[in-house]
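For reference, the chains in residue letters:
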Amino acid sequence: MKLRIKITKDAGIRFISHLEYVRTIERAIRRAKLPVAYSEGFNPHMKFSLASALGVGVTSEAEFVEIELAEEIDLPSTMIKLAVNLPTGIRILAADLADTKADKLMAQAGGADYKVVVPCREDCNWQAAVDRFNEAESVLFQKPIPKGRGMTKEIEVKSFIDHLEAERAGDNLQLTFSCKITPTGSMKAAELLLVLRDSFELPLLVEKADILRTDLYAVDKDGKKMPLLKPEYIA
Amino acid sequence: MTKQFPIDILSQVQKPARYTGGEFGSIIKTAEDTKVSIVLAFPDVYEVGMSYLGFKILYHILNKEEGVAAERVYAPWVDMEAKMRENALPLTSQETGKTLRDFDFVGFTLQYELSYTNILNMLDLGQIPLFSKERTDEDPFVIAGGPCVYNPEPLADFVDFFIIGEGEEIIVELMDAYKQWQSEGLPGGRSEFLQRVVRIDGIYVPSFYDVEYLPDGKVAKVKANNPMAPAVVKKRVVKDMNTISFPTAPIVPFGEIVHDRIMLEVFRGCTRGCRFCHAGMVYRPVRERKPELLKQLARELVDNTGYNEISLVSLSTADYSCLAPLIHDLITELKEEKVSISLPSLRVDSFSVDLAKEVQAVRKSGLTFAPEAGSQRMRNVINKGVTEEDLMNAVGAAFESGWSTVKLYFMIGLPGETDEDILAIAELAKAVQYKYFQVTGHRGAKVTVSVSSFVPKPYTPFQWKGQDTIEEIRRKQMLLKDALKVKNITYQYHDSVTSVIEGVFARGDRRLGKALYLAWQRGAKFDGWSEHFSYSRWLEAISDCGLDKAFYANRDRDIDEIFPWEHIQPAVSRAFLWNEYQKSLREELTEDCRHGKCSGCGVCPNLDVKIIDWKEQGHDEAKN
Ligand code: SF4
Chain R
1 MKLRIKITKD
11 AGIRFISHLE
21 YVRTIERAIR
31 RAKLPVAYSE
41 GFNPHMKFSL
51 ASALGVGVTS
61 EAEFVEIELA
71 EEIDLPSTMI
81 KLAVNLPTGI
91 RILAADLADT
101 KADKLMAQAG
111 GADYKVVVPC
121 REDCNWQAAV
131 DRFNEAESVL
141 FQKPIPKGRG
151 MTKEIEVKSF
161 IDHLEAERAG
171 DNLQLTFSCK
181 ITPTGSMKAA
191 ELLLVLRDSF
201 ELPLLVEKAD
211 ILRTDLYAVD
221 KDGKKMPLLK
231 PEYIA
Chain V
1 MTKQFPIDIL
11 SQVQKPARYT
21 GGEFGSIIKT
31 AEDTKVSIVL
41 AFPDVYEVGM
51 SYLGFKILYH
61 ILNKEEGVAA
71 ERVYAPWVDM
81 EAKMRENALP
91 LTSQETGKTL
101 RDFDFVGFTL
111 QYELSYTNIL
121 NMLDLGQIPL
131 FSKERTDEDP
141 FVIAGGPCVY
151 NPEPLADFVD
161 FFIIGEGEEI
171 IVELMDAYKQ
181 WQSEGLPGGR
191 SEFLQRVVRI
201 DGIYVPSFYD
211 VEYLPDGKVA
221 KVKANNPMAP
231 AVVKKRVVKD
241 MNTISFPTAP
251 IVPFGEIVHD
261 RIMLEVFRGC
271 TRGCRFCHAG
281 MVYRPVRERK
291 PELLKQLARE
301 LVDNTGYNEI
311 SLVSLSTADY
321 SCLAPLIHDL
331 ITELKEEKVS
341 ISLPSLRVDS
351 FSVDLAKEVQ
361 AVRKSGLTFA
371 PEAGSQRMRN
381 VINKGVTEED
391 LMNAVGAAFE
401 SGWSTVKLYF
411 MIGLPGETDE
421 DILAIAELAK
431 AVQYKYFQVT
441 GHRGAKVTVS
451 VSSFVPKPYT
461 PFQWKGQDTI
471 EEIRRKQMLL
481 KDALKVKNIT
491 YQYHDSVTSV
501 IEGVFARGDR
511 RLGKALYLAW
521 QRGAKFDGWS
531 EHFSYSRWLE
541 AISDCGLDKA
551 FYANRDRDID
561 EIFPWEHIQP
571 AVSRAFLWNE
581 YQKSLREELT
591 EDCRHGKCSG
601 CGVCPNLDVK
611 IIDWKEQGHD
621 EAKN
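Residue numbers (this note's numbering), protein chains in the order written: chain R, 1 to 235; chain V, 1 to 624.
Among these hints, one or two may not hold up.
Simulated pairs of lysine-lysine, DSSO-like, Cα-Cα distance not exceeding 27 Å [said to hold, decoys possible]:
#, chain 1, residue 1, chain 2, residue 2
1, V, Lys-83, R, Lys-188
2, V, Lys-29, R, Lys-81
3, R, Lys-81, R, Lys-2
4, V, Lys-338, R, Lys-104
5, V, Lys-15, R, Lys-115
6, V, Lys-335, R, Lys-47
7, V, Lys-295, R, Lys-33
8, R, Lys-208, V, Lys-15
9, V, Lys-179, V, Lys-221
10, V, Lys-15, V, Lys-357
11, R, Lys-81, V, Lys-338
12, R, Lys-47, V, Lys-338
13, R, Lys-2, V, Lys-338
14, R, Lys-180, R, Lys-158
15, R, Lys-81, V, Lys-295
16, V, Lys-338, R, Lys-33
17, R, Lys-115, R, Lys-47
18, V, Lys-64, V, Lys-290
19, V, Lys-56, V, Lys-29
20, V, Lys-357, V, Lys-295
21, V, Lys-239, V, Lys-295
22, V, Lys-56, R, Lys-33
23, R, Lys-2, R, Lys-158
24, V, Lys-514, V, Lys-221
25, V, Lys-290, V, Lys-615
26, R, Lys-188, V, Lys-615
27, V, Lys-234, V, Lys-221
28, V, Lys-357, R, Lys-81
Source of the hints: derived by calculation from the structure; they are not laboratory data.
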């Protein structure tokens with residue numbers, strides 16, 4: 001049996017790293033005494049994983065944990081036990097049980113939705129910039145290679161993010177968009193902001209951007225969004 | 001709920017999670033539940049401060065009290081400090097984001113002398129006047145405790161009062177005194193509160209004492225200028241570790257901290273009597289927790305934290321009288337839950353190696369031993385009751401069990417040390433290497449020799465002894481370096497300039513407060529981090545105040561010299577310390593009073609306490 005849970009990373013803990021987030025969930029699972037399966041060997045580790053890594057500073061309403069169980073559980077009572085053992089800043093939204101052999105969520109995730117609120121100078125023509133982005137055939141970005149010591153790799157932004165919605169809210173611009181996740185990679189929301197600032201002359205204060213991942217989902221062959229969990233337990 | 005730093009600041013500093021709180025187990029009380037607020041302030045970075053057991057204990061004890069809210073704050077790393085100053089943001093607590101100035105108490109721990117500049121820096125960032133005399137009724141009381149309070153004098157100008165000794169009981173008495181004063185409407189302002197707290201045993205109010213100096217700079221006398229102030233402030237001590245509360249639901253941090261595991265304190269104190277060891281003298285006597293209690297605490301800690309490692313901590317855990325059965329029981333109980341047990345240090349004997357084997361069944365990383373000195377003569381001088389044979393037995397047992405990497409700790413600059421004693425360190429390291437060949441028939445054991453330089457501390461037998469000059473230490477380091485140019489022996493040491501300043505402050509007096517202030521003004525902070533330490537800045541600050549580093553660090557003291565710290569007492573008698581000093585000159589040993597006879601240090605009668613050793617005293621629990 002696999003237990004799959006949809007959780008949050010709230011604003012208060014947005015600056016903990018992916019590794020710290022993983023470790024925090026692992027400890028919560030131990031505190032809640034979930035009957036988790038462990039790997040064999042000298043240094044047994046808990047069999048659990050996250051569907052995708054979130055950048056430091058990004059908040060999320062759609063993180064997915066997948067835990068291999070050693071015993072059957074009762075879903076509602078287990079979720080209550082886990083909830084009290086999570087720090088404030090991580091909330092449980094939904095959960096389901098799946099067969100151990102079901103595809104890993106990590107492999108299923110096909111896209112993520114984002115909402116970004118970012119300060120943007122009043123006197124700019126933001127609509128025109130957004131239109132230009134939406135109409136462009138191709139937008140290239142030099143993506144830094146992780147641990148690549150400043151080396152970059154050219155990626156096609158439009159193959160990940162095809163379309164943006166924008167509206168002004170006071171001093172801020174609010175952007176919403178979907179970003180594809182492919183087996184070979186994806187693109188970070190923060191990177192899109194750099195593209196807009198540097199290639200589309202949008203005067204965004206990217207350091208102050210408040211980035212929220214609103215959803216993570218599978219995509220079927222027609223390009224339709226499919227939820228990752230069955231609606232078995234909703235908190 | 002928590003006020004946080006802005007996103008753009010947090011996203012531009014290293015390890016931003018240091019500053020955002022929200023950890024599991026942190027306690028946030030509402031304003032209605034908060035009558036007295038105290039922030040426990042650790043003068044170093046988050047990862048270091050979060051690893052400090054003393055604050056875990058106090059956080060728990062304070063927050064258990066009704067109406068008391070205890071929060072935490074750490075020194076912001078230099079990148080964060082720059083951002084804070086640039087944006088005029090004050091230093092705030094982890095829990096509620098309250099500025100330090102708005103607390104009733106700011107409580108620092110004094111773990112090492114080189115953190116003192118961080119204290120000034122944190123007060124400044126917290127918008128609190130640095131000097132006690134400049135604080136008004138609007139400001140918090142700045143208090144301090146921890147091992148360095150046995151000579152708090154260099155901080156006398158900055159700290160309103162010190163808590164001497166173990167904090168569990170006195171901190172509650174202090175909170176009660178504040179609540180009482182508050183319920184009366186804070187009559188008389190700050191000075192009245194100081195008059196009240198000075199009546200609590202173990203509280204030292206430095207402004208209630210005047211120090212007079214002789215023309216040669218030594219202390220003439222220390223005299224109370226307030227009728228309520230006791231002539232001598234004795235340390236507080238918990239008589240029985242089994243009756244005080246220990247935190248079983250500590251905060252579990254998100255990020256990796258220095259000691260990222262459960263810390264279970266098995267006993268307090270150490271009576272081995274190593275003559276260089278400050279902790280061994282000031283934390284007397286030995287008081288053990290019952291094995292049954294420890295097992296129960298371990299169970300709760302595992303349940304509440306989710307950690308998978310328990311470190312059994314104390315000044316020398318291998319001396320816990322029921323250690324083998326305790327470890328056995330813990331391993332048996334917790335194996336299924338994949339919880340491992342670890343020991344922070346090993347004794348130099350094969351018993352310790354057997355334990356290490358049991359607890360680290362898998363991890364064959366290196367073992368560490370601390371013979372402290374290379375020659376038997378020198379080990380007798382420092383009363384380290386370890387022989388070369390003990391060490392050979394220990395490493396032999398380790399090599400037989402499959403270890404091939406050993407780390408050895410030594411000190412140089414010990415009293416009466418000769419070049420032969422230094423070279424004996426190299427000989428010992430080579431003998432360890434040869435032992436590997438004897439045991440395994442192979443060459444190639446890796447031996448690391450790690451050498452620190454000795455700093456004489458107050459309330460040790462060597463408080464009368466001058467510290468080696470930096471030139472002498474460097475010469476000895478080079479001597480040893482040459483002698484250790486051997487394959488597979490690694491020699492670790494670092495330039496000892498920090499130990500000079502540590503030595504100055506360890507045995508310093510109030511006049512050094514000026515130098516501390518000056519050094520801080522000129523940018524000193526994080527002096528314990530070599531990349532931030534500037535020796536020349538310190539030397540200038542000290543001499544600009546008309547003081548002399550050699551007077552504090554390198555001078556031998558006479559039998560009758562009055563020390564600046566003697567009105568604060570860990571209750572180890574001066575006669576005992578002098579006698580130990582004389583015995584060290586004769587290379588005579590003193591036995592451990594835990595098993596042998598009382599060596600007359602004075603602690604037990606002075607404080608009306610006694611040694612608690614479960615096995616020696618034939619307690620039932622020990623017999624299983
Ligand atoms: S008074 Fe005696 S028994 Fe007590 S700690 Fe000192 S030497 Fe040991």
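Each hint, compared with the structure:
1. With a C-alpha separation of about 26 Å, the suggested pair Lys-83 of chain V and Lys-188 of chain R falls inside the 27 Å cut-off, and the hint holds.
2. With a C-alpha separation of about 23 Å, the suggested pair Lys-29 of chain V and Lys-81 of chain R falls inside the 27 Å cut-off, and the hint holds.
3. For the proposed pair Lys-81 of chain R and Lys-2 of chain R, the alpha carbon gap of about 17 Å is at most 27 Å, so the pair holds.
4. For the hint linking Lys-338 of chain V to Lys-104 of chain R, the alpha-carbon distance of about 25 Å falls within 27 Å, and the restraint holds.
5. Taking the CA atoms of Lys-15 of chain V and Lys-115 of chain R, the gap is about 25 Å. The hint holds against a cut of 27 Å.
6. Pair hint Lys-335 of chain V plus Lys-47 of chain R holds up; C-alpha atoms about 18 Å apart against a cutoff of 27 Å.
7. Between the alpha carbons of Lys-295 of chain V and Lys-33 of chain R the distance comes to roughly 19 Å, so the proposed pair stays at or under 27 Å and holds.
8. Our distance criterion of 27 Å between C-alpha atoms is met by Lys-208 of chain R and Lys-15 of chain V, whose separation comes to about 17 Å.
9. Annotation: proposed proximity of Lys-179 of chain V to Lys-221 of chain V is violated, straight-line Cα distance about 36 Å (limit 27 Å).
10. Distance check on the hinted pair: Lys-15 of chain V and Lys-357 of chain V sit about 36 Å apart at the alpha-carbon level, beyond 27 Å; violated.
11. For a cut-off of 27 Å, the pair hint linking Lys-81 of chain R to Lys-338 of chain V stands: about 20 Å separates their Cα positions.
12. Pair hint Lys-47 of chain R plus Lys-338 of chain V holds up; C-alpha atoms about 13 Å apart against a cutoff of 27 Å.
13. Taking the CA atoms of Lys-2 of chain R and Lys-338 of chain V, the gap is near 21 Å; set against the 27 Å cutoff, the hint holds.
14. Annotation: proposed proximity of Lys-180 of chain R to Lys-158 of chain R holds, straight-line Cα distance about 10 Å (limit 27 Å).
15. Restraint check for Lys-81 of chain R and Lys-295 of chain V: the C-alpha separation of about 24 Å stays at or below 27 Å, so the hint holds.
16. Restraint check for Lys-338 of chain V and Lys-33 of chain R: the C-alpha separation of about 12 Å stays at or below 27 Å, so the hint holds.
17. Distance hint between Lys-115 of chain R and Lys-47 of chain R is unfulfilled; the C-alpha atoms sit about 32 Å from each other, more than 27 Å.
18. For a cut-off of 27 Å, the pair hint linking Lys-64 of chain V to Lys-290 of chain V stands: about 23 Å separates their Cα positions.
19. For the hint pairing Lys-56 of chain V with Lys-29 of chain V, the CA-to-CA distance comes to about 17 Å; that is within 27 Å, so the pair holds.
20. A threshold of 27 Å between alpha carbons decides the hint, and for Lys-357 of chain V with Lys-295 of chain V the separation of about 21 Å falls inside it, so the pair holds.
21. Straight-line distance between C-alpha atoms of Lys-239 of chain V and Lys-295 of chain V comes to about 21 Å, which keeps the hinted pair within the 27 Å bound.
22. Only pairs whose Cα atoms come within 27 Å are accepted, and Lys-56 of chain V paired with Lys-33 of chain R is accepted, the gap being roughly 24 Å.
23. A hinted pair counts as satisfied when its Cα atoms are at most 27 Å apart, and Lys-2 of chain R with Lys-158 of chain R does not qualify at roughly 35 Å.
24. A distance of roughly 20 Å separates the Cα atoms of Lys-514 of chain V and Lys-221 of chain V; the hinted pair therefore holds under the 27 Å criterion.
25. With a CA separation close to 10 Å, the supplied pair Lys-290 of chain V and Lys-615 of chain V stays within the 27 Å bound.
26. Proposed proximity of Lys-188 of chain R and Lys-615 of chain V is contradicted: the alpha carbons are some 61 Å apart, above 27 Å.
27. With a C-alpha separation of about 18 Å, the suggested pairing of Lys-234 of chain V with Lys-221 of chain V holds against the 27 Å cut-off.
28. Among the hinted pairs, Lys-357 of chain V with Lys-81 of chain R is inconsistent with the structure: their alpha-carbon atoms are about 37 Å apart, more than 27 Å.
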